[in-house]
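Novice: Fit chain B to the known structure of chain A by using the hints.
Spelled out, the chains give:
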Amino acid sequence: MIVAQRKNIPELLSIVENHRKVLLLGCGTCVTVCLAGGQREVSIIASALRMAARLKDLPLEVEELTVERQCDNVFLEQAAEATRQADAVVSLGCGAGVQALAERFAGKPVYAGLDTTFIGILEERGIWAEKCAACGACVLHLYGGICPITRCAKRLLNGPCSGSREDRCEVNPGRPCAWQLIYQRLKEIGQLDRLEGIKPPKNWRPSLSGGCRSIIREDHRV
Amino acid sequence: MKSDGFQPKILAFCCHYCAYASADLAGSMRIQYPPNVRIIRTPCTGRLETEYFMKAFENGADGVLVAGCLEGGCHFVEGNLCAKRRVNYSRDMLQEIGLEKERLRMVNISAAMARPLADSITDMVETVRKLGPSPLRKPETNPKQRKHS
Chain A
1 MIVAQRKNIP
11 ELLSIVENHR
21 KVLLLGCGTC
31 VTVCLAGGQR
41 EVSIIASALR
51 MAARLKDLPL
61 EVEELTVERQ
71 CDNVFLEQAA
81 EATRQADAVV
91 SLGCGAGVQA
101 LAERFAGKPV
111 YAGLDTTFIG
121 ILEERGIWAE
131 KCAACGACVL
141 HLYGGICPIT
151 RCAKRLLNGP
161 CSGSREDRCE
171 VNPGRPCAWQ
181 LIYQRLKEIG
191 QLDRLEGIKP
201 PKNWRPSLSG
211 GCRSIIREDH
221 RV
Chain B
1 MKSDGFQPKI
11 LAFCCHYCAY
21 ASADLAGSMR
31 IQYPPNVRII
41 RTPCTGRLET
51 EYFMKAFENG
61 ADGVLVAGCL
71 EGGCHFVEGN
81 LCAKRRVNYS
91 RDMLQEIGLE
101 KERLRMVNIS
111 AAMARPLADS
121 ITDMVETVRK
131 LGPSPLRKPE
141 TNPKQRKHS
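Protein chains in written order, with the numbering used here: chain A, 1 to 222; chain B, 1 to 149.
Hints in this document: simulated from the structure, not taken from any laboratory. Don't take every hint at face value.
Covered, in the sense of this in silico footprint (three residues per stretch, anywhere, with C-beta under 8 Å from a C-beta of chain B), are these stretches of chain A [what the hints assert, rightly or not]:
hint, segment
1, 2-13
2, 45-58
For lysine-lysine, the following DSS-like pairs were computed, each having C-alpha atoms within a straight-line distance of at most 25 Å [unchecked claim]:
hint, chain 1, residue 1, chain 2, residue 2
3, A, K7, A, K56
4, B, K84, A, K7
5, B, K55, A, K56
6, A, K21, B, K55
7, A, K7, A, K131
8, A, K56, B, K101
9, A, K56, A, K21
10, A, K21, B, K138
11, B, K130, A, K56
12, B, K138, A, K56
13, B, K9, B, K130
14, A, K56, B, K9
15, A, K7, B, K55
16, B, K9, B, K101
17, A, K199, A, K131
18, B, K101, A, K7
Even for Gly, the Cβ is constructed at its ideal location relative to N, Cα and C.
Only chain A is shown next, with the shape it has when bound in the complex (with noise of 0.2 Å):
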């Protein structure tokens, strides 16, 4: 899922404090799962903005909406009319969410509520950890399933760097060396073997390199 964090409230009222009704809309997809956007947190910061304005003297109000999906242009129908009474929307949605917002409703600002942070797993309650860069050429079948380009600091393809400490990374101790753990994998799933070659570098083309990318599937397109 894609992982976000909220803005802290100050930040937030200073991007609405120039408008006088915002709507803040919440997204029910990957953002409730971290806990970052949902109708749960739509709540608490829909109040703690209402707080942080009437102590300022602002008069600005917040009504406050969740959809199933901001990224989905079916979804933002069931937003248009919330949309339309407002000065400007607060999504609390991902980076995706927010300029789907934007391209719908052509008219009205739309701001960010949250920092969009990376593609994630929870690792334990409360834990987020980043688990894929979205490369573009996916790797992982050469290395058990666990990500060099991702979870190993310097994105080695071809080994440790040998900084580790015991089965820690030396760039951030908090964290296990990745390559620690490919070796570990491999072995238990007996393909050591495919540590033998020497990877070429990795072809970044597919990634952001070449700026916004789209994916065109002829088969689906009416």
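Specialist: This is chain B only, laid out in the frame that chain A set:
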């Protein structure tokens, strides 16, 4: 002086298994505590969300007291520890908003601790009295128009 004649309105979320029972015991023992608290019984303080605290302050509470079981003594094992972390998070959020974090506090009380509960309530009332009314407090309605409180 900020606190002239000021009677704080404090919401107390009390766990059914400890603080609520100790409030009951305080009544049986005729222990006095300030009438400024409105007690809300919760099945466990672990049930409380940041949302509840925000709504309380938004609606004009001067202070919020969360009273849960002693650490290690939660009926649901770790509900009070969850509450402790949420209260800390909410206190930070109050500061972001511009309110004093001292307006929200958690205490740990067992069902037998009637006197400490009364002392905690008294201490909370005094703390909030010193801070003064919440700047978000809504104007008082005319007491003559007010129905039974």
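Novice: It remains to establish, for every hint, whether it holds in the given structure.
Specialist: Each hint tested on the structure:
| no. | hint | in the structure |
| --- | --- | --- |
| 1 | 2-13 | holds (count 3) |
| 2 | 45-58 | holds (count 8) |
| 3 | K7/A / K56/A | holds (19 Å) |
| 4 | K84/B / K7/A | holds (23 Å) |
| 5 | K55/B / K56/A | holds (18 Å) |
| 6 | K21/A / K55/B | holds (19 Å) |
| 7 | K7/A / K131/A | holds (22 Å) |
| 8 | K56/A / K101/B | holds (18 Å) |
| 9 | K56/A / K21/A | holds (16 Å) |
| 10 | K21/A / K138/B | holds (21 Å) |
| 11 | K130/B / K56/A | holds (22 Å) |
| 12 | K138/B / K56/A | holds (15 Å) |
| 13 | K9/B / K130/B | holds (13 Å) |
| 14 | K56/A / K9/B | holds (22 Å) |
| 15 | K7/A / K55/B | holds (20 Å) |
| 16 | K9/B / K101/B | holds (16 Å) |
| 17 | K199/A / K131/A | holds (21 Å) |
| 18 | K101/B / K7/A | holds (19 Å) |
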